[in-house]
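Asker: Protein chains in written order, with numbering that gives the first Met the number 0: chain A, 0 to 344; chain B, 0 to 344.
Worth flagging that the hints you see were computed from the coordinates, not collected in a lab. The model shown is predicted, which means the values in this text are computed figures rather than measured ones. Treat each hint with caution, since some may be false.
[What the hints assert, rightly or not] Partner residues aside, some chain B positions facing chain A, computed with beta carbon under 10 Å:
id : residue
1  : A34
2  : G203
3  : L262
4  : K265
5  : E298
[To be verified] Here are the computed distance ranges between Cβ atoms for each label pair:
id : chain 1 : residue 1 : chain 2 : residue 2 : range
6  : B       : Q282      : A       : K312      : 46 to 56 Å
7  : B       : E333      : A       : T309      : 21 to 31 Å
8  : A       : E276      : B       : I127      : 17 to 27 Å
9  : B       : S141      : A       : G144      : 25 to 35 Å
10 : A       : T309      : B       : G78       : 50 to 60 Å
11 : A       : T309      : B       : D59       : 22 to 32 Å
12 : B       : G144      : A       : E22       : 29 to 39 Å
13 : A       : Q173      : B       : G244      : 18 to 28 Å
Backbone N, C-alpha and C define an ideal beta-carbon position, used for all residues, glycine too.
The lines below spell out each chain.
2 protein chains.
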Amino acid sequence: MKESQIDNWIQKRNNRRKNINAEDLTTQILTGDIAALATGITLLESTTLSDKVIARKLVDLCLPHAGKSVRLGITGVPGVGKSTFIESFGLYLLSQGKKLAVLAIDPSSAKSGGSILGDKTRMNELSIAENVFIRPSPAGDSLGGVARKTREAILLCEAAGYDFIVIETVGVGQSETAVHSMVDFFLLLMLSGAGDELQGIKRGIMEMADALVITKADGENVRKANQARQEYQNALHLFPPNKNGWIPKVLTCSAYLNNSMDLIFKLIEKYELHTKENQSFHQRRQEQDKFWMHETLKELILSDFFENKTQQKAIQELEQKVTRGEMTSFDAAEKLYSDYKQKLK
Amino acid sequence: MKESQIDNWIQKRNNRRKNINAEDLTTQILTGDIAALATGITLLESTTLSDKVIARKLVDLCLPHAGKSVRLGITGVPGVGKSTFIESFGLYLLSQGKKLAVLAIDPSSAKSGGSILGDKTRMNELSIAENVFIRPSPAGDSLGGVARKTREAILLCEAAGYDFIVIETVGVGQSETAVHSMVDFFLLLMLSGAGDELQGIKRGIMEMADALVITKADGENVRKANQARQEYQNALHLFPPNKNGWIPKVLTCSAYLNNSMDLIFKLIEKYELHTKENQSFHQRRQEQDKFWMHETLKELILSDFFENKTQQKAIQELEQKVTRGEMTSFDAAEKLYSDYKQKLK
Numbered sequence: 000m001k002e003s004q005i006d007n008w009i010q011k012r013n014n015r016r017k018n019i020n021a022e023d024l025t026t027q028i029l030t031g032d033i034a035a036l037a038t039g040i041t042l043l044e045s046t047t048l049s050d051k052v053i054a055r056k057l058v059d060l061c062l063p064h065a066g067k068s069v070r071l072g073i074t075g076v077p078g079v080g081k082s083t084f085i086e087s088f089g090l091y092l093l094s095q096g097k098k099l100a101v102l103a104i105d106p107s108s109a110k111s112g113g114s115i116l117g118d119k120t121r122m123n124e125l126s127i128a129e130n131v132f133i134r135p136s137p138a139g140d141s142l143g144g145v146a147r148k149t150r151e152a153i154l155l156c157e158a159a160g161y162d163f164i165v166i167e168t169v170g171v172g173q174s175e176t177a178v179h180s181m182v183d184f185f186l187l188l189m190l191s192g193a194g195d196e197l198q199g200i201k202r203g204i205m206e207m208a209d210a211l212v213i214t215k216a217d218g219e220n221v222r223k224a225n226q227a228r229q230e231y232q233n234a235l236h237l238f239p240p241n242k243n244g245w246i247p248k249v250l251t252c253s254a255y256l257n258n259s260m261d262l263i264f265k266l267i268e269k270y271e272l273h274t275k276e277n278q279s280f281h282q283r284r285q286e287q288d289k290f291w292m293h294e295t296l297k298e299l300i301l302s303d304f305f306e307n308k309t310q311q312k313a314i315q316e317l318e319q320k321v322t323r324g325e326m327t328s329f330d331a332a333e334k335l336y337s338d339y340k341q342k343l344k
Numbered sequence: 000m001k002e003s004q005i006d007n008w009i010q011k012r013n014n015r016r017k018n019i020n021a022e023d024l025t026t027q028i029l030t031g032d033i034a035a036l037a038t039g040i041t042l043l044e045s046t047t048l049s050d051k052v053i054a055r056k057l058v059d060l061c062l063p064h065a066g067k068s069v070r071l072g073i074t075g076v077p078g079v080g081k082s083t084f085i086e087s088f089g090l091y092l093l094s095q096g097k098k099l100a101v102l103a104i105d106p107s108s109a110k111s112g113g114s115i116l117g118d119k120t121r122m123n124e125l126s127i128a129e130n131v132f133i134r135p136s137p138a139g140d141s142l143g144g145v146a147r148k149t150r151e152a153i154l155l156c157e158a159a160g161y162d163f164i165v166i167e168t169v170g171v172g173q174s175e176t177a178v179h180s181m182v183d184f185f186l187l188l189m190l191s192g193a194g195d196e197l198q199g200i201k202r203g204i205m206e207m208a209d210a211l212v213i214t215k216a217d218g219e220n221v222r223k224a225n226q227a228r229q230e231y232q233n234a235l236h237l238f239p240p241n242k243n244g245w246i247p248k249v250l251t252c253s254a255y256l257n258n259s260m261d262l263i264f265k266l267i268e269k270y271e272l273h274t275k276e277n278q279s280f281h282q283r284r285q286e287q288d289k290f291w292m293h294e295t296l297k298e299l300i301l302s303d304f305f306e307n308k309t310q311q312k313a314i315q316e317l318e319q320k321v322t323r324g325e326m327t328s329f330d331a332a333e334k335l336y337s338d339y340k341q342k343l344k
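Next comes chain A alone, as it looks inside the complex (with noise of 0.2 Å):
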């Protein structure tokens, strides 16, 4: 794109955003209209003060609309396959009926796009598919911020009729515990082979998963990956089950071969009738709902005292002290509690 083009679509956008008001989008946001859906969520990213407000009601439109989606976990190391399992996957989806919607956190991305941009240029096919919105993760935020936004972007997307949501991040600090808070099934991406790969993924993750997918199962690597499937099975009948009742399954999958996507499909399908009979599958909503506005709540406060640039320069200074043994951790922590009483009063 040019120069010239680049700015004649800013400008465009700018006018349609300019003469929009959360009515109208919302009754075209829920005929399935992907430019009204992109024009939602790039309000919901919007730090503009009078997009927000139009972005808050926006959601709460949408709001009795949403929830009637399966909501998809991805995460697994870089180098795992994720952008192709993701094409295959969502193909395969697609060629069943489904709607499929695409959203990704990743909040290390600095840069305005984030990683998913890359992938959806890898993307070929599904980018270029109808019943399909890929977007990529909003920017340059803090982990609180991307994970709001994401799950407001699921919102408009279930209000828009998308029936399979899917969530990748690419597993850096924080992001895959966040991912897991808000899908009803997580699902890790994994090289055959315990080795230096392992080194990427975070402990307690793999107990999070409620299915592993060992990638790349083909050729040469068919053995090793089915040698590794088994084992990951076995490992994971030592671990304690999910109160769900869920035992994790562990699959192996070849983007190239049709027949993976079925089966991680039914896996789904499984898993969605197993927790909707016996109630976890709400149940576990309710609880990610009841987090998320507790962690907000949390975050909120708490951000009064720990953006403060004075504050942070104590915290500093304790800190060391606490480290070089010269303090407790709870006398540092109480004094800086106090200090900040004082300014207060």
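Here the structure of chain A is known, so what remains is to put chain B in place on it, guided by the hints.
Answerer: Just chain B, lined up with the frame of chain A:
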């Protein structure tokens, strides 16, 4: 003990506490005086303001003499044989010339005394041995409160010359995570055979452990225990390694065979050597110090908000709206927060 005896004992203890000052008590603790150590820890647990002032000073005075121990966390579901294990392992440590303190964390215990009091009477030999100090869990408190008291008790025990501190937890609520954040080595006791007993272990705990020990590996159980050991060891290899490079080990043990205790002791020694060589031993402690400073600070800040009765009612109401899908988690959090700020003005 008769009632009159108990009264007499309490009277004596109170008299002793009336005449104490932090300096004298520190001097006594530094000589290894067990009665002084017990009095010190009682002061830590006291809710009286005057006691708190002395306790704070006491901790400050002991701090420079603390830190020279190995802190060992032990957890496992009820029935796994924790007290039998601690009795055997403790006696073994004593035979190696170590001085041992056993502390407990059990925030679920609402009664005075806590769970280990029962354990203590079951630790027949250990509780009357020399060079050992056993202390029940400070009771009827929040996890944060219990954690603080335990962390401070560790410092006093170290100042008194105990070179092995065992922190036991019954594994209720978040107590394993708390214990994991205050020890150098975290040991999970398990029963052989993967089945119902796994139900009691929370997901994520196994990935925290530095070692698994399969208990009751004697008599007919030996074969099953060895098989479980092999399976768990294989499983742990499939999981991401510790960032300190330590691969968790699995051992079997019989409380009747001292051989097991020898192996567990050697394993902990090996871990100590490994982590001291690569600096991660000290680093882990520094991170723990920082963690507790931040945790305590957050707790103090949040308690202003959450302990308010009006606030609690408002939270509950919005929680219901959120779980009924009438409001997003984020809107609810923002409303709670802005209402609160409004009231402060």
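Asker: Now tell me if each hint is right for this structure.
Answerer: Consistency of the hints with the structure:
no.: 1; hint: A34; in the structure: 24 Å, violated
no.: 2; hint: G203; in the structure: 5 Å, holds
no.: 3; hint: L262; in the structure: 21 Å, violated
no.: 4; hint: K265; in the structure: 25 Å, violated
no.: 5; hint: E298; in the structure: 8 Å, holds
no.: 6; hint: B:Q282 <-> A:K312: 46 to 56 Å; in the structure: 24 Å, violated
no.: 7; hint: B:E333 <-> A:T309: 21 to 31 Å; in the structure: 26 Å, holds
no.: 8; hint: A:E276 <-> B:I127: 17 to 27 Å; in the structure: 56 Å, violated
no.: 9; hint: B:S141 <-> A:G144: 25 to 35 Å; in the structure: 30 Å, holds
no.: 10; hint: A:T309 <-> B:G78: 50 to 60 Å; in the structure: 52 Å, holds
no.: 11; hint: A:T309 <-> B:D59: 22 to 32 Å; in the structure: 25 Å, holds
no.: 12; hint: B:G144 <-> A:E22: 29 to 39 Å; in the structure: 51 Å, violated
no.: 13; hint: A:Q173 <-> B:G244: 18 to 28 Å; in the structure: 23 Å, holds
In this structure, the hints that do not hold are numbers 1, 3, 4, 6, 8 and 12, in rising order.
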